[in-house]
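Please model the complete structure; the sequences and the hints are all you need to start from.
8 protein chains.
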Amino acid sequence: MGSKLSTLLNKFRDGKISQEALLEALPSYMSESLGFATIDHHRELRQGFPEVILCEGKTEKQVGEIARKIVDNGSVLLATRATPACFKAVRRRVRSAKYNELGRVITANEKHIRPKGKGTILVITAGTSDIPIAEEACETARLMGNRVDRLYDVGVAGIHRLLTKSEKLRTANVLVVVAGMEGALASVVGGLASVPVIAVPTSVGYGTSLNGIAALLGMLNSCAAGVTVVNIDNGFGAGYAASVINRN
Amino acid sequence: MGSKLSTLLNKFRDGKISQEALLEALPSYMSESLGFATIDHHRELRQGFPEVILCEGKTEKQVGEIARKIVDNGSVLLATRATPACFKAVRRRVRSAKYNELGRVITANEKHIRPKGKGTILVITAGTSDIPIAEEACETARLMGNRVDRLYDVGVAGIHRLLTKSEKLRTANVLVVVAGMEGALASVVGGLASVPVIAVPTSVGYGTSLNGIAALLGMLNSCAAGVTVVNIDNGFGAGYAASVINRN
Amino acid sequence: MGSKLSTLLNKFRDGKISQEALLEALPSYMSESLGFATIDHHRELRQGFPEVILCEGKTEKQVGEIARKIVDNGSVLLATRATPACFKAVRRRVRSAKYNELGRVITANEKHIRPKGKGTILVITAGTSDIPIAEEACETARLMGNRVDRLYDVGVAGIHRLLTKSEKLRTANVLVVVAGMEGALASVVGGLASVPVIAVPTSVGYGTSLNGIAALLGMLNSCAAGVTVVNIDNGFGAGYAASVINRN
Amino acid sequence: MGSKLSTLLNKFRDGKISQEALLEALPSYMSESLGFATIDHHRELRQGFPEVILCEGKTEKQVGEIARKIVDNGSVLLATRATPACFKAVRRRVRSAKYNELGRVITANEKHIRPKGKGTILVITAGTSDIPIAEEACETARLMGNRVDRLYDVGVAGIHRLLTKSEKLRTANVLVVVAGMEGALASVVGGLASVPVIAVPTSVGYGTSLNGIAALLGMLNSCAAGVTVVNIDNGFGAGYAASVINRN
Amino acid sequence: MGSKLSTLLNKFRDGKISQEALLEALPSYMSESLGFATIDHHRELRQGFPEVILCEGKTEKQVGEIARKIVDNGSVLLATRATPACFKAVRRRVRSAKYNELGRVITANEKHIRPKGKGTILVITAGTSDIPIAEEACETARLMGNRVDRLYDVGVAGIHRLLTKSEKLRTANVLVVVAGMEGALASVVGGLASVPVIAVPTSVGYGTSLNGIAALLGMLNSCAAGVTVVNIDNGFGAGYAASVINRN
Amino acid sequence: MGSKLSTLLNKFRDGKISQEALLEALPSYMSESLGFATIDHHRELRQGFPEVILCEGKTEKQVGEIARKIVDNGSVLLATRATPACFKAVRRRVRSAKYNELGRVITANEKHIRPKGKGTILVITAGTSDIPIAEEACETARLMGNRVDRLYDVGVAGIHRLLTKSEKLRTANVLVVVAGMEGALASVVGGLASVPVIAVPTSVGYGTSLNGIAALLGMLNSCAAGVTVVNIDNGFGAGYAASVINRN
Amino acid sequence: MGSKLSTLLNKFRDGKISQEALLEALPSYMSESLGFATIDHHRELRQGFPEVILCEGKTEKQVGEIARKIVDNGSVLLATRATPACFKAVRRRVRSAKYNELGRVITANEKHIRPKGKGTILVITAGTSDIPIAEEACETARLMGNRVDRLYDVGVAGIHRLLTKSEKLRTANVLVVVAGMEGALASVVGGLASVPVIAVPTSVGYGTSLNGIAALLGMLNSCAAGVTVVNIDNGFGAGYAASVINRN
Amino acid sequence: MGSKLSTLLNKFRDGKISQEALLEALPSYMSESLGFATIDHHRELRQGFPEVILCEGKTEKQVGEIARKIVDNGSVLLATRATPACFKAVRRRVRSAKYNELGRVITANEKHIRPKGKGTILVITAGTSDIPIAEEACETARLMGNRVDRLYDVGVAGIHRLLTKSEKLRTANVLVVVAGMEGALASVVGGLASVPVIAVPTSVGYGTSLNGIAALLGMLNSCAAGVTVVNIDNGFGAGYAASVINRN
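Protein chains in written order, with the numbering used here: chain C, 1 to 248; chain P, 1001 to 1248; chain B, 2001 to 2248; chain S, 3001 to 3248; chain G, 4001 to 4248; chain H, 5001 to 5248; chain X, 6001 to 6248; chain R, 7001 to 7248.
Errors might be hidden in some of the hints.
[Claimed, not checked] Quick list of in silico lysine-lysine cross-link-like pairs, DSS-like style, CA-CA up to 25 Å:
(1) K3168/S <-> K2116/B
(2) K6088/X <-> K6061/X
(3) K5165/H <-> K6069/X
(4) K69/C <-> K2165/B
(5) K2069/B <-> K2011/B
(6) K118/C <-> K1116/P
(7) K2116/B <-> K3118/S
(8) K168/C <-> K116/C
(9) K6116/X <-> K7118/R
(10) K2061/B <-> K4098/G
(11) K3118/S <-> K2118/B
(12) K3116/S <-> K2118/B
(13) K6168/X <-> K7116/R
(14) K3111/S <-> K3004/S
(15) K6116/X <-> K7116/R
(16) K3069/S <-> K1165/P
(17) K7168/R <-> K6116/X
(18) K6165/X <-> K1069/P
(19) K1116/P <-> K168/C
[Said to hold, decoys possible] Short derived list, chain X residues pointing at chain C, Cβ under 7 Å:
(20) G6155
(21) V6156
(22) A6157
(23) T6208
(24) L6217
[As the list claims (entries may be wrong)] So, partial list: chain B residues that the calculated Cβ filter (under 10 Å) puts toward chain C:
(25) F2036
(26) T2128
(27) A2157
(28) G2158
(29) T2208
Quick caveat, the hints were computed from the structure, so don't treat them as lab data. Computed from a predicted structure; not experimentally measured. Glycine included, each C-beta is placed from N, C-alpha and C at the ideal position.
Shown next, in the form of structure tokens:
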């Protein structure tokens, strides 16, 4: 929960402000309008994590302004698919912001991260080219308070690379499989694992990979039971879902 | 675990059979070949639930024979997308088999169900036509040892039907949202819930619903974070994934 | 109606020119050929609004020349999907032209706008990234003589942002819903409203959003009755249709 | 509004029941659960027309039961895409039900239809094969209180058939254009009309008509401004939208 | 026929070279290998027009070399989809080459054009943005010896622009209709014309125009009998087919 | 031209009826309304062949009634995609009607066929399964007054079957190539022929033939210049276009 | 080679017939016209196996007649996708014909099979439902003179079923992998094998399996190098290609 | 096999190192982790050729580092789809590396190439624009130890260019056909050849070529038996498969 709202509620509980004052103050703590954006401060209360900024499609200035409001509200900042220019616009307003270039993620207010995950989230990739999306998932899970482990470039063309790491698969609490091309790794992992498996198709490949559609279809039709899937290149969504499962 | 394999291992642990005898016997307990099928008895040990029969594409006789072997192995039987004719073929071989006509599911050996789920799995549908797929999910979750609750026909065209049931959403441990047409219910539920949400697109609709593609795309692109998706009409997959999450 | 044609007809009515003179003059007032374009001056008479320039696919010079002819004809100028370079080419020929950069719209001859709308047209967006398309709709409706109101970034991931504005939905005469990703906002608004709802899918999103196809399918399959849809990113079409409905 | 709810509210207004009694009674008048369906009685109050039954995907018994509840509630009954078997199931429960075989529509409680439309709704088809969908639109509009006129088989292959009827186009208040194959009729009508035009693509055609996708794309890309579109074969949606516009 | 081959055959007919000499010489007149290209000089003899260069996908140097060989062979040169850089590479080798920038076409050896067409080929466009493709068709038809006429920007949104030109439609011998967006113009022209109509879908449009797929489907499903279609943006193919029909 | 209209005009020319009588009578000779159909009698005058009935999507009774009117009007009758039941409905009304079962075509009034074609139309198929579509093309061309020749099952898997028939290709005036699967025959014929080639993709094939889409794409992308294409399985369209070209 | 043609050539070699007689007789041995079919007897000479009948799309009588001619020519008969009715039609003409119901294959003249394969062709399936397509491949390979081995239902959901059979993979000379759903088995086998792997996607699955498109895309995008692919459900094509490779 | 691993094994065979030492050393010879990549050194042993680098999607630094490891391991280096910048990064680390610009391929350690192919691999293209993909296939086959021959620009629009080269087709041991547009060349070659044919669709073409989908579908649906297909533009895959077949 944003620390500002938390402070307000504590004041009320401690008798420092009246019920009338609380009710009058609440709306502006719930959502905040910037004209071009209506920030959902209530989300943290409702879902356990504040609004996340998807930078794509927004101007740099819009990203910067929304970031400032989230940080001012005392919430952890997570902005995904951020260009270096976006980061510059954010840092101009939030001096403590950091940028993970590989995962294209901006973060700030990390001191507000609270450990919530029960076990480890293991993020696996089929190839080297899938790493940027995997890093987006890792950063999201980390910001949401989880231990994260990585196992990269273990695709089925050389399946012994995966089989020799079966210990890692057994000890993790949630698995995230990131793969492009035909996405077969999700089925193989799904057939071995006894914990939840979230598959992320990536746009890695060419020709009939159709920018990730081939991997997506492969994962949706996985012969291994219980694999669930997110949008193509949606590392954020996978990291988020894994976190919700891990704190369940 | 199939009770037969369990008995064998207990015998070894209690010193009733030698290591040699155990190793010799194990392979036939791991997988069993019927010529047209190679039953994966090891799956129960590896993943906590025995092989499930997808009846579609198999002859009735094949379904019947595989069912008999699973039941003989002492495992819970679950067969999905079963026609009445399939059921007849199974019951001829497994007298205790039961048939859920609405969900097209055959079950047997229910005495072997062991409670594993920590909380309740709530299955929600947008419309009346989505119920068969929802029932497949419910039956799967029940067979895997979960409490299951239902909330049917609460699609967003009359959103107060959902909002007045927000208590149910808050108290469940995992949510399964089953919807055809545009599948918007998944986004609305995803925006309200703080527990894992699994979305099942159904082929309900006509024209540009494209047999469920519209609902699938809607769910994959949900603006609510952390919704994960399974194949169109895959009630089984959703029930399975929800069960794995619920026992996590 | 273009003021030139109007003047001509008035002259005839007032007996200042003969029927012969009128009939001889009419064709050149109906359509005008520039070689690369055949401007439909008759449109204003027939449909209540002059030809609008879609800049995409035309050279800057072509846009400039057509704009000049429309303005010379005494009609309101509306040019959509205009780049800054297009605007420069127009302003060189039409000094009074104005440019809405966000909505990529060029306008001129605004003095000829005549109020026609009976009520207010409310334009709603799901996210911040949908605003450029929404602005195209707003400008079109304004040029066609309507009162326009805006409600931005109220997508279903935080549905209370919309529900707390239900007053706005109730008092508008026509609603335009602009949304990318899964486009679920159209269904929610469609389920609440009692006035016409026009849905505009946008190309906002990535992966399986398929450049707006996901949102389009979502809107076409809306479970809310009576939602009608226009082409992806077609803010102009939505603003135009809303205007025709609002003057009906 | 359903006459039952209307009666209740009048009783309260007239002082015949207390506020407490009203509030206690209201919920069951708002929505009603049949287990497999949650009927939205509030819809009539909110949107001016009661819930409509889409028969496809429902069992005949389900259709029959929902129909009975709507009629018992004192609302006009409209059930679309009804097979003769559906009709039988309804008539067994609602003796006064009628069946329009061509349009596959079941109706009842027609005495509750109240005239709401300001002008005439004109429904136009390109060919003879488009008539069933057109009839669905006509019936919907009629049940919602509109005067309806028809102009059938006037596609652009023989455009004089349309041009000689331009009087009809001029005097209608809303136009519904129903066309399969390439759907060009929508563009031609859209270019002539000054009132709202709703286009309905149909699945009439073969090969690359792709079950209506060709007509849908044609209508979405219409070069005539302001044409809005509904799902393939969605005569109901077009009739509904036209009615909402006509009462606006 | 290439003038070189023509000269050779005449020599043989006139007894200036022996049959043996002719047969020995023929192969090198039939096709010529450049390593990266095998030029089909026999095509002119077989089909009445020499090989045409599609510049797209070839390096500028390759285009230049092939052009030189065709010109050296005494044939008319036509190179389509040529960038200015391609033209430079050609002119370095063929001084007399000319460039039609709008239609992106390089030509040379125009003195070898021989009039073959019986009537006029009329090229019609729906909009201004379709003109580049139309010009490619016009140039192709002109190089193949036809009289060409143009009628531009007469799309169905203002159908009187076409109807007032019906004289042109009646007097042409072949019609080529070039249109993007929904491509409805092809159906309208096809319904009016009594001569062959070739439809060219263009990639003009946005969103669901799908880069010309919408127009293509519209034309393939035209309700007007006998319209035939070529690939999207294939002005060359339409001009070529029209020429073959016109000389038939 | 329908003989009835012809008789009327001759009467006027011969002074047997007045101009007033002619003008009064004309409209009912131009188009005729059956309620469910508006028959375009003017088409024969405008395009040289009367309206053709596409039976698919019409009821048998509708087909029968339209057929009767066309025959009564003195025109040649052609009805395509006719089931045996359609034929029965027609023969009940038009005793002289004939049925080509293979091509699914009903014909009548053949005495009104007038020879118009200058040369022979050659219809070629790749396989045996393409013959029904080819026969539809043959019948159409025959009814429109052409000599028709056939060359069946000469696909490129055994290309010598085609090459040994090159004489037939050389002497025909128009070629129609009917092929399913990959449709390569169109390219090979297109590369050999010097007369117009119309390609008809058929839905013959399975899997990725996608009901004819593979053949369609193959034909649209033919490397042979000037091949034009009609809709999948549109034998009628090809026969019609070939006839218009052949009389050109 | 058909034994008839073989006999003829031997006669010539042995001086029993003259060159003139041979040349006169040859054409009718090369291809044979049945009107609806042009049988390519030369194929056996050219490609090592006679023409194969694809029954789908042909009438039963056509299949029967072509089969008779192939058998009369002394060639091995293979007819695929044959219904029981097709088989009846064939057996009426070819008494010795046999029918493999599972693989839907008719065979005859098996005495003419000549062993050609160097090693064993191993056909592997992911599931039980893929067996019919696998059997088509097996029969084709057997008729073309190969030893065939089978390994069924060893999909990646239980990967140990495949890994424990690695001996079979190592000793085969060509591998055919038949899989529906996501088709991941092809990648896993492709990553293990050192001999040619041919992948056959099947239409087994539902929803987004899109009738085999998902498996096809998975196989085309396989991360394992050198896997080649045939059409969906094309067991024949895979068996044929494997045979050509095995005799190479 | 990488020479390093080979040396190690020889040492053990020759008694120079103990079994314990071998087993301890083996894992690091099997696969090697770079953090962002897990190099599969075991592949050469298992499949006869070392891991190949697909440069697309990797950073230049990643490509350089992986290349260095492969070369250090004593294996032949093959890196495909390499930009000039990739090549620079590799050469900085591997001085002997060479770059084939046309085929976009980096190679090194060519001294380790061992002749394995039994016959010649012939690579054929339909057009000049297909050459880059063909060169990728040629280089792959050459590095894998094969004799390679080329036949370029012999597409079916001028089929005599292919037929006059039938000698080349007859003497090769494996054929690779590279074609864009409609890809018909694969069917024609497949109908003539008696050796394995691998078809490579290319993205050459425009409009409905759909970036190679048209050619892909054409090849998958080839009426010539036994043609197998690889991904669009996958010259590497074709060269690899051809090599495996050629050494079989």
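Evaluation of the provided hints:
Between K3168/S and K2116/B, the direct Cα distance comes to roughly 24 Å. Compliance with the 25 Å bound is thereby established for this hinted pair. The hinted pair formed by K6088/X and K6061/X meets the criterion: a straight-line CA distance of about 10 Å does not exceed 25 Å. Distance hint between K5165/H and K6069/X is fulfilled; the C-alpha atoms sit about 22 Å from each other, no more than 25 Å. A hinted pair counts as satisfied when its Cα atoms are at most 25 Å apart, and K69/C with K2165/B qualifies at roughly 22 Å.
Taken as a hint, the K2069/B and K2011/B pair is honoured in the structure, with Cα atoms around 22 Å apart against an allowance of 25 Å. Our distance criterion of 25 Å between C-alpha atoms is met by K118/C and K1116/P, whose separation comes to about 18 Å. Our distance criterion of 25 Å between C-alpha atoms is met by K2116/B and K3118/S, whose separation comes to about 18 Å. The suggested pairing of K168/C with K116/C holds, with an alpha-carbon distance near 21 Å, which does not exceed 25 Å.
Proximity of K6116/X to K7118/R is assessed by CA-CA distance (about 18 Å); at most 25 Å being required, the pair is judged to hold. Between the alpha carbons of K2061/B and K4098/G the distance comes to roughly 24 Å, so the proposed pair stays at or under 25 Å and holds. Under the criterion of a C-alpha separation no larger than 25 Å, the hint pairing K3118/S with K2118/B is consistent with the structure, at around 14 Å. With a CA separation close to 18 Å, the supplied pair K3116/S and K2118/B stays within the 25 Å bound.
Between K6168/X and K7116/R, the direct Cα distance comes to roughly 24 Å. Compliance with the 25 Å bound is thereby established for this hinted pair. Taken as a hint, the K3111/S and K3004/S pair is honoured in the structure, with Cα atoms around 15 Å apart against an allowance of 25 Å. With a CA separation close to 22 Å, the supplied pair K6116/X and K7116/R stays within the 25 Å bound. The suggested pairing of K3069/S with K1165/P holds, with an alpha-carbon distance near 22 Å, which does not exceed 25 Å.
For the hint linking K7168/R to K6116/X, the alpha-carbon distance of about 24 Å falls within 25 Å, and the restraint holds. The hinted pair formed by K6165/X and K1069/P meets the criterion: a straight-line CA distance of about 22 Å does not exceed 25 Å. Restraint check for K1116/P and K168/C: the C-alpha separation of about 24 Å stays at or below 25 Å, so the hint holds. Checking G6155/X against chain C: minimum C-beta separation of about 5 Å stays under 7 Å; hint holds.
With its C-beta approaching chain C no nearer than about 5 Å, V6156/X sits inside the 7 Å limit, and its interface hint holds. Here the hint on A6157/X is kept, as its CB sits about 4 Å from the closest CB of chain C, short of 7 Å. Nearest Cβ of chain C to the Cβ of T6208/X: about 5 Å, under the 7 Å cut. The hint holds. A distance limit of 7 Å between C-beta atoms decides the matter here; for L6217/X the minimum to chain C is near 4 Å, and the interface restraint holds.
The closest approach between the C-beta of F2036/B and any C-beta of chain C is roughly 34 Å, which is over the 10 Å cut-off, so the hint fails. For T2128/B, the interface hint holds, the least distance from its beta-carbon to any beta-carbon of chain C being 5 Å, beneath 10 Å. Restraint check, A2157/B versus chain C: the minimum CB separation of about 7 Å is within 10 Å; hint holds. Of the supplied interface hints, the one on G2158/B holds, with its beta-carbon coming within about 4 Å of a beta-carbon of chain C, less than 10 Å.
With a cut of 10 Å, the hint placing T2208/B at the interface with chain C holds, because the nearest CB-to-CB distance is about 5 Å.
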